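So the sequence lines, in the order shown, correspond to chains A and B.
Numbered by our numbering, the letters in the first sequence go through residues 1 to 116 in order.
Numbered by our numbering, the letters in the second sequence go through residues 1001 to 1116 in order.
Misleading hints may appear alongside valid ones.
[What the hints assert, rightly or not] The list that follows gives simulated cross-link-like pairs (lysine to aspartate or glutamate, EDC-like), each with its CA atoms no further than 16 Å apart:
1. A:K2 <-> A:E84
2. B:K1002 <-> A:E11
3. A:K2 <-> B:E1011
Since the hints were made in silico from the structure, they are not lab data.
Keep in mind the model is a prediction, meaning the values are calculated, not measured.
There are 2 protein chains.
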Amino acid sequence: MKSLGRHVIVELWGCQNIDSLQAVEEAIRDAVAATNATLRDLQVFPWEPYNGVSGIAILSESHLSIHTWPELGYAAVDVFTCGEHTDPEAAIPVLRERFRPQRMEVMQVSRGMIVD
Amino acid sequence: MKSLGRHVIVELWGCQNIDSLQAVEEAIRDAVAATNATLRDLQVFPWEPYNGVSGIAILSESHLSIHTWPELGYAAVDVFTCGEHTDPEAAIPVLRERFRPQRMEVMQVSRGMIVD
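For reference, chain A alone in the conformation it holds in the complex (with noise of 0.2 Å):
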């Protein structure tokens, strides 16, 4: 079997820098070249009611979104990419350094099964 895509989901707790709207477009602009995706599309909004950021990176290998909620400390991401050039997982580290979490937890989904 083989996946058309990756699918990493990452759940972080205890961040910093998940109020600022630049901050959040930093860390997806460094993600997305950390992955080796191209990015398409880039939307980055304040989250109402709570100082929370949304951002959206649309990739030609699918997207890479953080929608954050500062007042308890927690981020989620989501990097989505297909390709054997890319690689969801080193968006991690940058997420990392970017946040400095507590907590973390990471999840991959195999999209797109099929028999090889």
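Fit chain B to the supplied structure of chain A, relying on the hints for placement.
Okay, now just chain B, sitting in the frame of chain A:
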């Protein structure tokens, strides 16, 4: 325990209409409406080189994405919403009606689990 968000991951196989930018855009709009989420931004792109489509809705309550591989009849869908007013599972009948999949796999991930 309660979760901050519900993330429904849908794998659709044997789909129709997934090579059409317009069909994917309409499906996203209908699916967002069904979940009772609020659309903030919608981007739909052709996905080279296989006539695929990549569409992402940024919601006030997270995001909804569809990436398609028409040559394989496959679509990868994510419906991530938060707030008790939203129901990400309500997107599923819309996907079924719009894309007529022969097979569908659904997984739900509770995001941001906190002690109540």
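Hints, verified against the model:
1. A:K2 <-> A:E84: 11 Å, holds
2. B:K1002 <-> A:E11: Measuring from Cα to Cα gives roughly 15 Å; hence the hint holds.
3. A:K2 <-> B:E1011: Since the Cα atoms of K2 (chain A) and E1011 (chain B) sit roughly 15 Å apart, the hinted pair holds (cutoff 16 Å).
When held up to the earlier numbered hints, the structure conflicts with none and fits them all.
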